[in-house]
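Novice: We have chain A already, so just place chain B on it with the hints.
Here the protein sequences line up with chains A and B, keeping their order. Under this note's numbering, the first residue of the first sequence is numbered 1, with each subsequent residue one higher. Under this note's numbering, the first residue of the second sequence is numbered 1, with each subsequent residue one higher.
Because the hints were derived from the structure by calculation, they are not lab data. Remember, predicted model here, so these are calculated numbers, not experimental data. Don't take each hint at face value.
Selected chain B positions facing chain A (in silico; Cβ < 10 Å) [claimed, not checked]:
1. P9
2. G10
3. I133
4. Q135
5. H137
6. A231
7. R234
8. S244
9. M254
Backbone N, C-alpha and C define an ideal beta-carbon position, used for all residues, glycine too.
Number of protein chains: 2
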Amino acid sequence: MQAIVIREPGGPDVLEMRDIPVPQPARGEVRVRVYATAVNRADLLQRCGLYPAPPGFPADIPGMEIAGEVVALGADVTDVAIGDRVFGIVGGGGYAEQIVVHARTLAPMPAKMAFFEAAAVPEAFITAWDALIDQCHLAAGDVLLVHAAGSGVGTAAAQIARAIGARVIGTVRTAAKADRLREMGIEESIVVAQGRFADEVLARTHGRGADVVAELVGGSYVAEDMACLAAGGRIVAIGTMGGSRCEMNLSLLMTKRAEIRGTMLRARPLEEKIMAARVLQRRIVPLLERQILRPVIDRVLSLAQASEAHARLESGETFGKVVLEI
Amino acid sequence: MQAIVIREPGGPDVLEMRDIPVPQPARGEVRVRVYATAVNRADLLQRCGLYPAPPGFPADIPGMEIAGEVVALGADVTDVAIGDRVFGIVGGGGYAEQIVVHARTLAPMPAKMAFFEAAAVPEAFITAWDALIDQCHLAAGDVLLVHAAGSGVGTAAAQIARAIGARVIGTVRTAAKADRLREMGIEESIVVAQGRFADEVLARTHGRGADVVAELVGGSYVAEDMACLAAGGRIVAIGTMGGSRCEMNLSLLMTKRAEIRGTMLRARPLEEKIMAARVLQRRIVPLLERQILRPVIDRVLSLAQASEAHARLESGETFGKVVLEI
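So that you can see chain A by itself, here it is in the shape it has in the complex:
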């Protein structure tokens, strides 16, 4: 089968198509014919040699989410059948025609959804749901501040917050991205200049601030988050495009009785990845089927264009996900 392999740590051109053996499913596992995958920032880090795949997944094939069809079953698989259209997160190896995964880490695809659309869902929507709802207890009436609101996770977070009755304020870096957010019904956004947004968030919330912050930028944004966080507010660090070091004022954290937490799907053990698949199946798919949530796709390329796809995500100009069809 064909797969994209990282030849050596480096730029987008180290991704090359190779012919590799088809993997075989063991007990409890299934093999999926992957029809689409999508590009994540973690793939870029892995390509640069900065983010090794967890044990049990191919070390040199990127790709953390898939949509496809079940083509072979290992022993004792009863939840999934050959021919099922499935999607989900994987620890790596998504940039390939076929992949072997534990059957229970998959979820049935929404009816009528194309593979290229389904591949844009798992990482973004599971990450956002898990971080906002399950970890930060975002609820109706809360104000969510979401940074990099035009990113895959950002667009997912904004939609999820809206779906459950929270108010969304997104930050973006360009007016064009604010327009794109408005087109998808996210009316309130701030085009951030010189890294400042706290005063604007406070002004728009009559001094109360944000209850939850989806922190996809990091670095100096965190001090601004703290300045415009409501009492009892929660910041969840999901990405660090703007740097991973920040200053923290513990007295302010105490006065606001605030919390900051970090989250990551990839490092989780099997049981939590299975739980993530249940979140996808029971919480996200129903909202996708009712079109309350929609994957946002920047562009669809072919697997052979993986280098171009990586360069595109690195450009910072994407709005939504970059998908690879296989």
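Specialist: Chain B in isolation, oriented as in the chain A frame:
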């Protein structure tokens, strides 16, 4: 009645005894004859002009916890009767012969406990229980790292953790305090030199680290906490004796899926202070009555010795609480 008043912001000598009017209880409130109060670091800050009392409490009388007897009832008080021996946290005004508080913010004192012992309980034990159990979900099998383990909150945190089946590692600054901890049955402590403890915590936990950290020092301790925090670990900032600024590594926070939160009792609204009194009554008092928890008292002084009591706490040499009898 007699009360200690902060004459002006300054050192311990700005505390002076004054004769002030006896306050009257309004609807839902009671007046308590205070027989003992205790000194908290927040009192020292308030005395220096750095920590104003919340609205509804005297601006210039320190004291955030009391033990005493109910002597007068406002209208519609049914939960508390005249003569009841009660204790609890208050927003301020504890350094006085009498105080008016909402009836439901009080809890019945443990049977057989003296007032001077009871006054050493509320702030330390409610703070520790709320932070560790209710906020950080400390549970049997977890490892708790508690800094300033000889402080009022530190000794309470260590005892609570032990009571629920968690393993406790305390840090202290002197061997003498480690000895005192051992005498109260807290066997594992680290005498911190040059602010380092992470390697020692990792060594003692076979590389796994601490599940929960009670952070009473702050400053540079937080980076060490992060270095020896287990995956999924929680740091709760309760005090900042060592400084309130710290560096945070968001990537590490994400990789460990860790959380850091700040906590404070005083800033809470009435409903949460009432909930705190229920924690005291339903969780802490039963363990005090069975002597599984015991208040740790550094020394007992009289209200007239408030200046001396403040100087004692500021010395950093206390082990447990400094109590004032009235």
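Novice: Give a verdict on every hint.
Specialist: Here is how each hint holds up against the structure:
1. Nearest Cβ of chain A to the Cβ of P9 of chain B: about 18 Å, over the 10 Å cut. The hint is violated.
2. The criterion of a C-beta within 10 Å of any C-beta in chain A is not met by G10 of chain B, whose closest approach is roughly 21 Å, and the hint is violated.
3. The beta carbon of I133 of chain B is not positioned within 10 Å of any beta carbon in chain A (closest approach about 16 Å), and the interface hint is therefore violated.
4. Satisfaction of the interface hint for Q135 of chain B is found here, the shortest Cβ-Cβ separation to chain A being roughly 8 Å, below the 10 Å cut-off.
5. Interface hint status for H137 of chain B: violated, as the beta-carbon distance to the closest one in chain A is roughly 13 Å, over 10 Å.
6. With 10 Å as the threshold, the beta carbon of A231 of chain B comes within range of chain A, its nearest partner Cβ sitting at about 8 Å, so the hint holds.
7. Restraint check, R234 of chain B versus chain A: the minimum CB separation of about 9 Å is within 10 Å; hint holds.
8. Taking 10 Å as the C-beta contact cut-off toward chain A, the hint placing S244 of chain B at the interface holds, the least distance being around 4 Å.
9. The restraint placing M254 of chain B at the interface with chain A holds, with a minimum CB-CB distance near 4 Å, inside the 10 Å limit.
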